[in-house]
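Turn these sequences into a full structure, and let the hints steer you where they fit.
Protein chains: 4
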Amino acid sequence: MPDLEVVSYRPDPSEFAWTFGGVRPVRSIRPGTVLEVWTEDAFGGRVRGPDDLVTRVIEFPFVNPQTGPFYVEGAEPGDTIAVHFVSIMPSRDYAASSTIPFFGALTATGPIHTASLQDPLEERVWIYEVDRASWTVTYRASRGDYSVVLPMDPMHGTVGVAPASFEARSSLVPDAHGGNMDTPEMRAGVTCYLGVKVEGALLSLGDGHCRQGEGESCGVAVEAAMDTVVIVDLIKGVATPWPRLESDDYIMSTGSARPLEDAFRISQVDLVGWLAGQYGLELLDAYQLLTQVSEAPVANVCDPNYTFVTKVRKQYLPSVAAYGGIHAQLREQASGYSSAR
Amino acid sequence: MPDLEVVSYRPDPSEFAWTFGGVRPVRSIRPGTVLEVWTEDAFGGRVRGPDDLVTRVIEFPFVNPQTGPFYVEGAEPGDTIAVHFVSIMPSRDYAASSTIPFFGALTATGPIHTASLQDPLEERVWIYEVDRASWTVTYRASRGDYSVVLPMDPMHGTVGVAPASFEARSSLVPDAHGGNMDTPEMRAGVTCYLGVKVEGALLSLGDGHCRQGEGESCGVAVEAAMDTVVIVDLIKGVATPWPRLESDDYIMSTGSARPLEDAFRISQVDLVGWLAGQYGLELLDAYQLLTQVSEAPVANVCDPNYTFVTKVRKQYLPSVAAYGGIHAQLREQASGYSSAR
Amino acid sequence: MPDLEVVSYRPDPSEFAWTFGGVRPVRSIRPGTVLEVWTEDAFGGRVRGPDDLVTRVIEFPFVNPQTGPFYVEGAEPGDTIAVHFVSIMPSRDYAASSTIPFFGALTATGPIHTASLQDPLEERVWIYEVDRASWTVTYRASRGDYSVVLPMDPMHGTVGVAPASFEARSSLVPDAHGGNMDTPEMRAGVTCYLGVKVEGALLSLGDGHCRQGEGESCGVAVEAAMDTVVIVDLIKGVATPWPRLESDDYIMSTGSARPLEDAFRISQVDLVGWLAGQYGLELLDAYQLLTQVSEAPVANVCDPNYTFVTKVRKQYLPSVAAYGGIHAQLREQASGYSSAR
Amino acid sequence: MPDLEVVSYRPDPSEFAWTFGGVRPVRSIRPGTVLEVWTEDAFGGRVRGPDDLVTRVIEFPFVNPQTGPFYVEGAEPGDTIAVHFVSIMPSRDYAASSTIPFFGALTATGPIHTASLQDPLEERVWIYEVDRASWTVTYRASRGDYSVVLPMDPMHGTVGVAPASFEARSSLVPDAHGGNMDTPEMRAGVTCYLGVKVEGALLSLGDGHCRQGEGESCGVAVEAAMDTVVIVDLIKGVATPWPRLESDDYIMSTGSARPLEDAFRISQVDLVGWLAGQYGLELLDAYQLLTQVSEAPVANVCDPNYTFVTKVRKQYLPSVAAYGGIHAQLREQASGYSSAR
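Residue numbers (numbering that gives the first Met the number 0), protein chains in the order written: chain A, 0 to 340; chain B, 0 to 340; chain C, 0 to 340; chain D, 0 to 340.
Be aware that one or more of the hints could be misleading.
A pair counts as met if it fits within one copy or between any two copies, since identical chains are not told apart.
Taking lysine to any residue and the SDA-like style, the derived pairs with C-alpha atoms no more than 25 Å apart in a straight line are [to be verified]: (1) Lys313 - Ser141; (2) Lys313 - Trp134; (3) Lys313 - Ser7; (4) Lys313 - Arg186; (5) Lys313 - Glu294.
Hints listed in this document are in silico derivations from the structure and should not be mistaken for laboratory results.
So, in structure tokens, the structure goes:
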């Protein structure tokens, strides 16, 4: 694949982005570029041991640093960019998780959202060993001596473009522009489609997780800095209202909102629209088929908006190549890049 | 397995139960009994073709008929019954689905819940061919000529006991007593644990689905009458606050509530409690582990309460046999029963 | 008013109803009857001092006892009963409030609804002095020495009929049948319209409050036993989907659901329907007018369903007497009864 | 009051702000300044008759223009600004309202929030006559001939400061920074307290309503351009987490979130905190008192976050002057300004 343009970028600590929108691009790239980036973990690399309590080592709002934004040449509102994840590799031999006071699905989250008068849960850190050879992480209980080796399944919690309406949104927020969706589906081999809202799209990513359960209950996954390779392409004249994903086997729509049923509804209505649009099914026929074949793993129930993913196996759908078959094409380019590397 | 007591029961149309609670038992069974039952579909068998619109052929509240209740001898409040699903077999060669005005996840649902001033969606019926030989169902679009053969994956949408507090709840409602949870996880090979709220437990089941997507978006799965075999056992002195499931590979907790995040929270807190109780993990350690390994497929987003399931692979947990290993024991009995049959 | 039939009823402790539905009537009354009843407080009279913690003195589910049900002769599904509150008088010289673990709007409420892993708030009792002469109650802080005299504004938290679909619902639950709506609008001078779901309607009431703030945050108002007089009338052939209220100045619709926006939507859609039905406004014109004149005080944010009330001043509406003017007529009868007493 | 500094500002159409944050200040003002401003209506003045459908005359995101931002000298994060509304006067003799497709409380609102597959409601405009002499507006039904004269009760739907975390938020969004709260309580005579998040606070306001019902059901009030006078003062070293209001009779806390119960919880927890902080009540004593005296009118159930207001009459509280008595002081200055004018 000699025709692939490769751009490598490793931000200095002063170059991180903390919002989607409101930030100047760090690089301009052409559609089709292979982007090799390094992303810091959501803690800015500051949680390295059990004493590194988040409220002690992190100064808000300097949380969840993003690498980018990248200006995609030719991208205009109404277009879609395709971000194909070639590889996501933890760059350190440990990863960290934590409880954070008034953050997470199983606690009150005041004063911002689910406010209550109760005391917060205890703040505590868990450090995971990352073994890139066996492709595993090790969980160790903080009390008692239970430990377990878990499969690695690296993903990016945060990927998105600048939002519409002149907004700048914190990197903690997922919404129609993408952002902090925190879905385990954002793994290598997947293409993420993001609707362009501003000229140049302004793509950023970060928040690598060695693995994460569906829902991200305590609000914090197995957080790690990542060496990540994506190929970024541009689809002109096709709008994508909410972030979509495509793997070899599935098409997937996301929705991010509160309450959680609205996140679900958005992802489902978007997928019905996708089936009715690119796959040619009549609206209620699409609704009926979706009802019987939908997989609906929740992504996060902890962020300022909750995120749902609706997935459908391609084998159940009319034989159409979504978005003109760009996923297969990027898959092939990724494979060429990986071999050449 | 000569020691298994077998009870067969096929209700007359006049014998269906329409509520959990408030109904007299149809049979009394001993713990350990194999129960062979027939359950009618949620439409009372009245939707057989495209013209059988639900609002035309069904008279409310005669929807979702239940087979039962069965009085489990010796069951008292504070106990748990284990319902092991041995087999679930569609009893007809077709199944039905439908849109229903102001019912389903992708429409307003007034005047009961999400009321709006908009017009309802069109009411329409889809009939599926059920092929028990190939273990498939066939979806056919009502407009255009798309059709697809889908794997069969039979399940019971509704299974539960009489609720607490002298209540009687419609068979359409899922709650702490079980009921209309509509989760695809309720399939053969699974043991369902239900906390006993009244003497005799009063177990009923119904609402068979040949298959169902996660969320049951339009509110109606591939509805079918079923010939079903369960083994019902009793666990004395162990309370189960919300319905739990166990398969060979997973333990699972359910939660049913509105809004959807509360259903999620219930299922997750219940699973944390399960890990802290039967598996001996400290509370926050359980929360942390769950955060990284939880699978959280939504069950339904259409019923009077929404239902979530949280699943954890047993391989990630301390080596404990939940509920004293009753699942493995029932699995073995089921296998003996099936061979003998 | 010599033609008013008066029925007096004071239940024995063994005669309370704990559900709406599933209970046999205590009396049969004719439409137009003046009903003089005594209702016990929600604690069954057991919280009399600061040491009477609710979890210590109350055995669930024996909470919120109801007086009734009363069988209204001639009432059939599709009819409406009108319950006019003539007077509500505290029958003791004290009233009680309390925090209750995992109950209330400003705490997690697991395992039933908003489950969390946090500790509950402290359980504590507040006793109020009730002065029927000055028509006040006195709040005293439990820590420090602040106290304040508050106006009495007696109301019934719970009033309802038997629900539809063969259900029996705990007296703690508000829904389309009424029940535990906990709105301060249910005061003397108001007529409450309840749609009849079963023959005889089966009206019960209880849960008197000397006063209550909107939302009933901690879940417990200034709870008191009450001597209450209502006139119960029957409106044949007119259905009322959700409980409605009428005062001299306002018409009001209620909605009870979760999440809270659904309770709001129900009450608003019901009022739009009322304006479009009895008042003759076109649907969107009703929506528009409501948008500018609606008062929307929340009732409770603590019960198994939350309740909202939407109110509109009659002076802003077409000059129509709702429900055929029955409110004015009952008002007059009440006045006759009160004078004669 | 010769010592009051008066700044008058009328923006050109090119000078409106469409976000809170991300915009450069139009003026710098000293604490204590009387600010005389003109604000355009939420439609940018483009809806003047029944044919001016919103989707026809407005180009998104150019909706809800704000006047400002104003840089308040000396304001730093951790401080509070007090914005006292001296007067709010409609500047035209008409005002406009409208239904907008997929916007409002009684319709699906996809694809952004409550997505559904239903058709939108009809788009329609209502024009109100504004009579500043009689201080009324006249509603006229669009179908049939009903009309009614309603009291004027002018308010600002939108007032706020730049948000934290480097965010810029659309003027349609209410959150902790204020913004589009759409509460009828934001009327003349009231002081609004806003926590400062960035240097200079960056105060903007707009979205005048001649009147609005609680909930703002259809999403659009009686929208009008306004000539408004506020006095802006600075309270150093006192943080205010969520916007608060104070009138002569009430203190009020706001909360803006989804679902609606979270907006309620925020406003209630904030008021409990206010009572526990400035008024010296112990936390649970504050919770108890609030439960019995709270008034809780919903503000909006249509914006990207819903807003609730919790109000408590000062007469029920310990005799404390909130925020050091600044409301009374601004009230007096306002009165001096008005007399001098």
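*Could you figure out if Lys313 and Glu294 sit no more than 25 Å apart (CA to CA) within one copy, between two copies, both or neither?*
This pair counts as both: shortest intra-copy Cα distance 12 Å, inter-copy 22 Å.
For this session: Classify it for me, Lys313 with Trp134: is the Cα-Cα distance of at most 25 Å met within a copy, between copies, both or neither?
Result: between (28 Å within a copy, 20 Å between copies)
Within, between, both or neither: Lys313, Ser141 at alpha-carbon 25 Å: Between copies only: 20 Å across, 43 Å inside.
Copy assignment of Lys313 with Arg186, given that the CA separation must stay at most 25 Å:
Close inside one copy (18 Å) and across copies (24 Å); limit 25 Å.
Taking 25 Å as the upper bound on the Cα-Cα distance, should Lys313 and Ser7 be classified as within, between, both, or neither? neither (34 Å within a copy, 41 Å between copies)
Checked against the numbered hints above, the structure violates only hint 3.
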